[in-house]
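Protein chains in written order, with our numbering: chain A, 1 to 208; chain B, 1 to 208; chain C, 1 to 208; chain D, 1 to 208.
Since the hints were made in silico from the structure, they are not lab data.
Possibly wrong hints are sitting among the right ones.
In silico BS3-like links for lysine-lysine, alpha-carbon gap of 30 Å or less [stated by the list, open to error]: (1) Lys34/A with Lys34/B; (2) Lys83/B with Lys81/A; (3) Lys39/C with Lys39/D; (4) Lys83/C with Lys83/D; (5) Lys83/B with Lys79/A; (6) Lys34/B with Lys34/D; (7) Lys79/B with Lys79/C; (8) Lys34/A with Lys39/D; (9) Lys79/D with Lys83/C; (10) Lys79/C with Lys81/B; (11) Lys83/D with Lys83/A.
Note that the structure is a prediction, hence the values are computed from the model and not measured.
Number of protein chains: 4
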Amino acid sequence: MRKGGPFNLSSHRLDPLIDGIFAVALTVLVLEVKVPELKNPSSARELLDAVGASLPLVIAYFVSFALLGMFWVWHHGLKDKIKRIDGALLFCTLTFLALVCFFPFAAAVFGRYMIYGNVVCLLVYLPLVGLILALQLLYFYLAMRRGLILDEVTPQEAMTTHRRNLYSLAIFLFSCTPAALIVGLSLALICFVCGGLLVYAGIRHRSR
Amino acid sequence: MRKGGPFNLSSHRLDPLIDGIFAVALTVLVLEVKVPELKNPSSARELLDAVGASLPLVIAYFVSFALLGMFWVWHHGLKDKIKRIDGALLFCTLTFLALVCFFPFAAAVFGRYMIYGNVVCLLVYLPLVGLILALQLLYFYLAMRRGLILDEVTPQEAMTTHRRNLYSLAIFLFSCTPAALIVGLSLALICFVCGGLLVYAGIRHRSR
Amino acid sequence: MRKGGPFNLSSHRLDPLIDGIFAVALTVLVLEVKVPELKNPSSARELLDAVGASLPLVIAYFVSFALLGMFWVWHHGLKDKIKRIDGALLFCTLTFLALVCFFPFAAAVFGRYMIYGNVVCLLVYLPLVGLILALQLLYFYLAMRRGLILDEVTPQEAMTTHRRNLYSLAIFLFSCTPAALIVGLSLALICFVCGGLLVYAGIRHRSR
Amino acid sequence: MRKGGPFNLSSHRLDPLIDGIFAVALTVLVLEVKVPELKNPSSARELLDAVGASLPLVIAYFVSFALLGMFWVWHHGLKDKIKRIDGALLFCTLTFLALVCFFPFAAAVFGRYMIYGNVVCLLVYLPLVGLILALQLLYFYLAMRRGLILDEVTPQEAMTTHRRNLYSLAIFLFSCTPAALIVGLSLALICFVCGGLLVYAGIRHRSR
Numbered sequence: 001m002r003k004g005g006p007f008n009l010s011s012h013r014l015d016p017l018i019d020g021i022f023a024v025a026l027t028v029l030v031l032e033v034k035v036p037e038l039k040n041p042s043s044a045r046e047l048l049d050a051v052g053a054s055l056p057l058v059i060a061y062f063v064s065f066a067l068l069g070m071f072w073v074w075h076h077g078l079k080d081k082i083k084r085i086d087g088a089l090l091f092c093t094l095t096f097l098a099l100v101c102f103f104p105f106a107a108a109v110f111g112r113y114m115i116y117g118n119v120v121c122l123l124v125y126l127p128l129v130g131l132i133l134a135l136q137l138l139y140f141y142l143a144m145r146r147g148l149i150l151d152e153v154t155p156q157e158a159m160t161t162h163r164r165n166l167y168s169l170a171i172f173l174f175s176c177t178p179a180a181l182i183v184g185l186s187l188a189l190i191c192f193v194c195g196g197l198l199v200y201a202g203i204r205h206r207s208r
Numbered sequence: 001m002r003k004g005g006p007f008n009l010s011s012h013r014l015d016p017l018i019d020g021i022f023a024v025a026l027t028v029l030v031l032e033v034k035v036p037e038l039k040n041p042s043s044a045r046e047l048l049d050a051v052g053a054s055l056p057l058v059i060a061y062f063v064s065f066a067l068l069g070m071f072w073v074w075h076h077g078l079k080d081k082i083k084r085i086d087g088a089l090l091f092c093t094l095t096f097l098a099l100v101c102f103f104p105f106a107a108a109v110f111g112r113y114m115i116y117g118n119v120v121c122l123l124v125y126l127p128l129v130g131l132i133l134a135l136q137l138l139y140f141y142l143a144m145r146r147g148l149i150l151d152e153v154t155p156q157e158a159m160t161t162h163r164r165n166l167y168s169l170a171i172f173l174f175s176c177t178p179a180a181l182i183v184g185l186s187l188a189l190i191c192f193v194c195g196g197l198l199v200y201a202g203i204r205h206r207s208r
Numbered sequence: 001m002r003k004g005g006p007f008n009l010s011s012h013r014l015d016p017l018i019d020g021i022f023a024v025a026l027t028v029l030v031l032e033v034k035v036p037e038l039k040n041p042s043s044a045r046e047l048l049d050a051v052g053a054s055l056p057l058v059i060a061y062f063v064s065f066a067l068l069g070m071f072w073v074w075h076h077g078l079k080d081k082i083k084r085i086d087g088a089l090l091f092c093t094l095t096f097l098a099l100v101c102f103f104p105f106a107a108a109v110f111g112r113y114m115i116y117g118n119v120v121c122l123l124v125y126l127p128l129v130g131l132i133l134a135l136q137l138l139y140f141y142l143a144m145r146r147g148l149i150l151d152e153v154t155p156q157e158a159m160t161t162h163r164r165n166l167y168s169l170a171i172f173l174f175s176c177t178p179a180a181l182i183v184g185l186s187l188a189l190i191c192f193v194c195g196g197l198l199v200y201a202g203i204r205h206r207s208r
Numbered sequence: 001m002r003k004g005g006p007f008n009l010s011s012h013r014l015d016p017l018i019d020g021i022f023a024v025a026l027t028v029l030v031l032e033v034k035v036p037e038l039k040n041p042s043s044a045r046e047l048l049d050a051v052g053a054s055l056p057l058v059i060a061y062f063v064s065f066a067l068l069g070m071f072w073v074w075h076h077g078l079k080d081k082i083k084r085i086d087g088a089l090l091f092c093t094l095t096f097l098a099l100v101c102f103f104p105f106a107a108a109v110f111g112r113y114m115i116y117g118n119v120v121c122l123l124v125y126l127p128l129v130g131l132i133l134a135l136q137l138l139y140f141y142l143a144m145r146r147g148l149i150l151d152e153v154t155p156q157e158a159m160t161t162h163r164r165n166l167y168s169l170a171i172f173l174f175s176c177t178p179a180a181l182i183v184g185l186s187l188a189l190i191c192f193v194c195g196g197l198l199v200y201a202g203i204r205h206r207s208r
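Using the sequences plus the hints, can you model the full thing?
Next up, the structure:
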């Protein structure tokens, strides 16, 4: 069954690990919402205030949950079009999972300091989301290059998926441009130009 | 195999994620029962008192475990009657899972402050349980509306399941009515009326 | 496929939940071994002492891991002889899982206070192990009573398994007798007599 | 289906537990990277410094993630060549999993104190990695000895896999030799000699 290198796995082999890591990461997200410590544990007003104060954290939790959930659906959508996983794709998947596990930390920093208007927390959160998006793009691009796409998937379909990945990353980069201004004009320009290049790559693929 | 939109999954595709999230949420529940810190670690009496003091937390843990276990059995019962999961059902499931992950926080707040008679903790716990019940109801209702029920399940069986969902939520709302009085008479009335409407909807479906 | 009550599941349906909960509980066990906080982080001697001081915790961790691992193997061994899970067995399994999730707490209390010779921690650990053993016994006994044993398993084989469950609990109770003396002679007597009754029940089943 | 002792499982039976434990251990790794506590939560500079200060921890996290990921791939590679798991292999696997669960602790100690140049943390991290490697070697060696290798795998292939395990452990021991000098010359010598013996064993197997 297995041929080629030592890292030649069926594409469904990694599924339990991926699902397990997402399940834990999604649950760990909420651990940042801490049970409030009250000075007077029987005071209704104090508990109400404490619960109200953790509302921004709760909203940040649901946003991060939605993002991670979207990544899960997206990754499985891509993986369903792939027949085998070789060394390069395995490396992509493990790096992707490492970043997913890192997500609760970024979400916690974001939820804790965004309410104080501390924009530095965006510099942890946004690059992480960007890296995850870029890895998804790379994952599918490598699968296309290495002829690992399922035979049922036509080249046009594969190319459409690839173009959608390109546009997703481009949209993300464009929407990051204002946030990149925090660091400096040059980073904002880099974001904008990279986004433009991705759109251009997508359009060029289309015309072929 | 896959047809229609990009979110057209087999109903068993989400199973590992659902089971994983429940497994983690159920285990995280108990993390709230903290190991007591003793001033004199070799004092038998002190440890006995500390363990005794965490008894309400232990009871709260078993109640929450039973509730989450019931949700797991219930959700799988509903999902077994569904053939495919489209975008709307996927959204329902992910929101359901987000609330399940949130459950350990609510259970911790409940376990910590209920013993002090602080009724505000009910305002975190009960709405969460209510939302989970409402999402289960919505999940199956959408599946019925969108013709995603398995062919083996007769319309009568599906309707019976839907009615049982309606009555469960109604019973929950009725039993919440006294607790809603904490906030005010108007909320209690809303609970009571909503419960009544659900019972009415269930009866109307029956007569058809 | 499904017949009878609403809780009539294939015996493999609970597998992902059981495996997931064991996986999390086994990993959570080690969280009690805390990273030591040093006054002088670059002092080799201080770190060596701190790591040495957590050695009893590490040993307690491996003992608890072995116990939980044994429960996992045992439960799957019993479950493999069962064809369907009805309401009573589902309840047994969920209670068993609730106790398994509770295990890391008991192991943490045990590991923290046993080194101080505080015997009270045995009063948390041993009853929990005993309850888990008793639930396994009950689980298989109910399956036998309700005719849910697989047809491939002969009544003799089923009875041998049941007798082994009886003897395991009896051995546990006998070995607990000295520990029960901490609380009082009466509890030790109860342990001893219950163990004897279980051995008697096992022998009586044999002669039939 | 099952024959022989009570611990005669299909080699895929342990998969969900292994995948679950790895999923949790990988996610728990990152919990050591704590959200920084700022004196002035709205200070951009302070947050930037705090995030920068946790950079060594982040790098340690990715190194440990890569190591654990490699162990996962490796263990599944070995297990795919095995047809059944008997008592000895089950014991090996559970011990392997116990060490995997212990990995986040070692990684946390390493990440926390390596930056202070405290070499004692290597005495926690490296023996753990070595033990995991040795257990993998033992696992496959026992499977070969007990005739549990799949029939599709030729003896030459099995021997090649075994030799690769031997060389991996040897390379690890050679690279540990300098670190063993911290404790003393004798430990370094032991490491070096053991590595040499493993290489010799590998070469002797080859010539056969």
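Restraint status (C-alpha distance of Lys39/C to Lys39/D at most 30 Å): holds, 21 Å
30 Å limit on alpha-carbon distance, applied to hinted pair Lys83/B and Lys79/A: holds, 22 Å
- prompt: If you draw a straight line from the CA of Lys34/B to the CA of Lys34/D, is it 30 Å or shorter?
  reply: Since the Cα atoms of Lys34/B and Lys34/D sit roughly 20 Å apart, the hinted pair holds (cutoff 30 Å).
query: Taking 30 Å as the top limit, are the C-alpha atoms of Lys79/C and Lys81/B close enough?
result: holds, 25 Å
message: Hint check: Lys79/B vs Lys79/C, CA-CA at most 30 Å. Holds or violated?
response: holds, 24 Å
- request: Could you grab the alpha-carbon distance between Lys34/A and Lys39/D and see if it respects the 30 Å cut-off?
  value: Distance of about 19 Å is within 30 Å: holds.
field: Straight-line alpha-carbon gap Lys83/B to Lys81/A, limit 30 Å
entry: Cα-Cα ~21 Å, so holds.
- prompt: Has the given pair, Lys34/A with Lys34/B, been kept, meaning a C-alpha gap of at most 30 Å?
  reply: holds, 14 Å
message: Please verify whether Lys83/D and Lys83/A have alpha carbons no more than 30 Å apart.
response: holds, 25 Å
message: Can you confirm whether the C-alpha distance between Lys79/D and Lys83/C stays at or below 30 Å?
response: Distance ~28 Å between Lys79/D and Lys83/C Cα, so the pair holds.
Pair hint outcome, Lys83/C versus Lys83/D [Cα-Cα no greater than 30 Å]: holds, 25 Å
Taken one by one, the earlier hints all hold for this structure without exception.
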